[in-house]
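> What follows is each chain in one-letter form.
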Amino acid sequence: MPPLVSSNQSAQIAAASSLQFVLPEIVTAFKQQTGHNLRVTYGSSGNFLRQIVQGAPFELFLSADESYATMLVEKKLTVDSGRVYALGRLAVITPENSGIALTPDLSSFATALEEGHLQHFAIANPDHAPYGRAARETLQALGLWQALQPRLVKGENVAQATQFAISGSSQGGIVAYALALAPAISRLSRVLPIDQSRHQPIRQRMVLLKSAGGIARLFYDFLSEPEAQAIFQRRGFEVPQV
Amino acid sequence: MDITALTLSLKLAFWTCLILLPLAVFVGRLLAWQHFPGKAWVEAIIALPLVLPPTVLGFYLLIGMGANSSFGQFYHSLTGNHLVFTFDGLLLASVIFNLPFAIQPMQRAFEAIPTNIREAAWCCGLSKLESLQRIELPLAWPGVVSALALTFAHTLGEFGVVLMVGGNIEGETKTIAISIYDRVQAFDNHTAGIMSAFLLLFSLVTIGLVYRLTYRRRRHGR
Chain A
920 MPPLVSSNQS AQIAAASSLQ FVLPEIVTAF KQQTGHNLRV TYGSSGNFLR QIVQGAPFEL
980 FLSADESYAT MLVEKKLTVD SGRVYALGRL AVITPENSGI ALTPDLSSFA TALEEGHLQH
1040 FAIANPDHAP YGRAARETLQ ALGLWQALQP RLVKGENVAQ ATQFAISGSS QGGIVAYALA
1100 LAPAISRLSR VLPIDQSRHQ PIRQRMVLLK SAGGIARLFY DFLSEPEAQA IFQRRGFEVP
1160 QV
Chain B
2 MDITALTLSL KLAFWTCLIL LPLAVFVGRL LAWQHFPGKA WVEAIIALPL VLPPTVLGFY
62 LLIGMGANSS FGQFYHSLTG NHLVFTFDGL LLASVIFNLP FAIQPMQRAF EAIPTNIREA
122 AWCCGLSKLE SLQRIELPLA WPGVVSALAL TFAHTLGEFG VVLMVGGNIE GETKTIAISI
182 YDRVQAFDNH TAGIMSAFLL LFSLVTIGLV YRLTYRRRRH GR
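Residue numbers (the working numbering), protein chains in the order written: chain A, 920 to 1161; chain B, 2 to 223.
Isolated chain B, as found in the complex (with noise of 0.2 Å):
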């Protein structure tokens, strides 16, 4: 068990999961409540990940990222890092691929609010981040943690945008999936073994425990 990799990974995912809970949170409920022109192609762009191979991304991350890049240097003089090759890089790219899968659960969330309740709100005078803290978020909550756990296991999984930009330096961007891949290389298919069934385990659990949360949801009513 290689427990760097294992230990950079989670690290990955905690990060991810706190960059994007807050923004994913304010554009869940801006799609689920507002209309504006050109909203689908917003939702469009948010769902891209889904869909794209995980190549183009890494591409585009590639050139757009590199220390040629104008994004690049931006980045560099910010913060006098660079994102090819390091762990900076690889949160970036985590937290782009991760859009969808933290933003549309809790926009669901949010849809199945009914109006009237905020309207309720409204009119008790609450202000939006007093309704927001006290009315919606209490409501939606099974929404935001299905999105976390999703966007925490779907991090640990992924594998092609890592394997293009990472560089599989130790401690940095040697993520688990890219230890397994590594190992299975080697011929190491015990310790590929053993980690496999580690990750196994573990989005199978996340997963499991995210649709009972939401049967639950379901079953209460709203």
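Just chain A, with the same shape it has in the complex (with noise of 0.2 Å):
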């Protein structure tokens, strides 16, 4: 849990955890033009919004998707209906030697699945995380979901389901590019952006709580910027068109 009190210093922030290689860079950038610090917190968006709801100090929320920013605003606690600053990407990755190859339609996936070779695929779990839910729209669109039903393993958040995917106890996983990108991952991974077309957008949405002092609220606005904005770029998100 994050300290209940909020000093003057600094802004209190919670953030998707696929945002966890990229707001670092952002952070950075803000601290160097503005002097203020910020403190980011890094979690599943559902727990965030349930926190929230409950009184958590957070002044600013950015979101792994629309709806739980949009939960907050229906519940009046927030500022007003916020912004997407970033779309999310997905990417599927392997461990370096799983000796599968990535092709943009997973049919050598599919192929490793009917030869017995695939013991596990990890996805961020559908039911309540936005990138787990994409990752099931792109197996569905390809017609592998239900072959793959037995092998799944679900990440409790997408920076979970990058972890079990290049653990070497699955021979892959459709994850977070943002996350596949970082070098810790992709170090020990191959990794391929996988077609927007293939699933609903992931608008990530920002809401700035009522609570949000002048820190936050700056920082809100710097996120939307020219220079953050190509650093979500460089980072594996896509810039949203205003």
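Among the clues, some could well be false.
Reference excerpt, derived from the structure (chain B facing chain A, CB under 8 Å, subset only) [stated by the list, open to error]:
hint	residue
1	67
2	86
3	187
Derived from the structure by calculation, the hints contain no laboratory data.
The structure presented is a predicted model; accordingly, all values stated were derived computationally and were not measured.
Glycine included, C-beta positions come from ideal geometry on N, C-alpha and C.
Assembling the complex is the task here: the two chains are given apart, and the hints tell you how they should meet.
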């Protein structure tokens, strides 16, 4: 749990776990420009939603999709309806030595499945994780969803799914492109971004909570500026068309 | 109510108890009566799961049981099964994190058997096995039952380790505790509420019976 008092010098921010490799860079850029500190907690958007409803002292919530942010808007806990700050992208990922080729239609996974080489395939839990939902839509679009059912391992959030995918106990998975690009992960794996037409867009929305102070509001605006948007794009996100 | 998850949890608890019963009787008895160098450390290792966060155990299991690990490969060559994301792995984890719950009550029960009774058994010419069967276990049985009940209930309740090494596979690693978490995550408070109430009642009854048993042992003396 985050500390229950928010200091004047920094803002308390809740961020979806898919952001944990992109946000530090943006936070650094923000600090260089404004001199302000931010305290960022990463986790599952659903958990943050519940915590914020229960009064957790976050000032800005960067959700992994629209629904969780919108629920806070409906509960009248936010300043306004917020903004889409980035579009999430999916990638298929496989451990370096899995011997499975990466193709846009995942046909090599289908082959591995038929031949019995595919023990496990990791995605985030599609019942509640936005990237899991998009992964399910992709697998359905590719006609692999039914066949993969008995082989699916589900991460509690997309970061855990990524961990599972490269653990060597799975032969791959569909995870957030932004996580797959991180050096700690790409060092151990091969990565191929997935065509965005395969799933509903992952529109990542942010909302300022009513308690938001000046620094949180500054950062909120900073995230939509070209400098931050360029970092998002470089780190595996798509920039939203406003 | 997620019946598949409940069945899986019961199955896990059953196998955990079955494996730990002989192990805990052996180790508990040893620790109760034998003194050997390093005994304190052995007891400390057994007690570790009581104090370590489940994430520590989960982390080591994830690394240590993986398909790339030597133990994972050894197990695969032995059984043809994998340990991560499988029931086998969950059972191994469950046996480890239940060690103190199984061993400590049994150790206390064996410690409570007076030395002169054991000596009388030797003098009567009972073999070690006969002594265990006819003298020690009948005297220590409340401790044995307590240990099994605690282990059973604790397995149903274990969450952190399973979340880290299970992979949430229906019928394989998705236990009732994980299923409750899933339902809460999906904002299905109704189902989560039913399952939580069931676990609450079940655990209360189990622990309550254990305490009753302990009182009775005290009342009837040793």
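> Determine for every hint whether it applies to the structure shown.
Hints versus structure:
1. 67: holds (5 Å)
2. 86: Where the cut-off is 8 Å and the nearest Cβ of chain A is about 5 Å from residue 86/B, the hint holds.
3. 187: The hint holds - residue 187/B has a Cβ within 8 Å of chain A, the shortest such distance being about 5 Å.
Consistency with the previously given hints is maintained throughout, with no hint failing.
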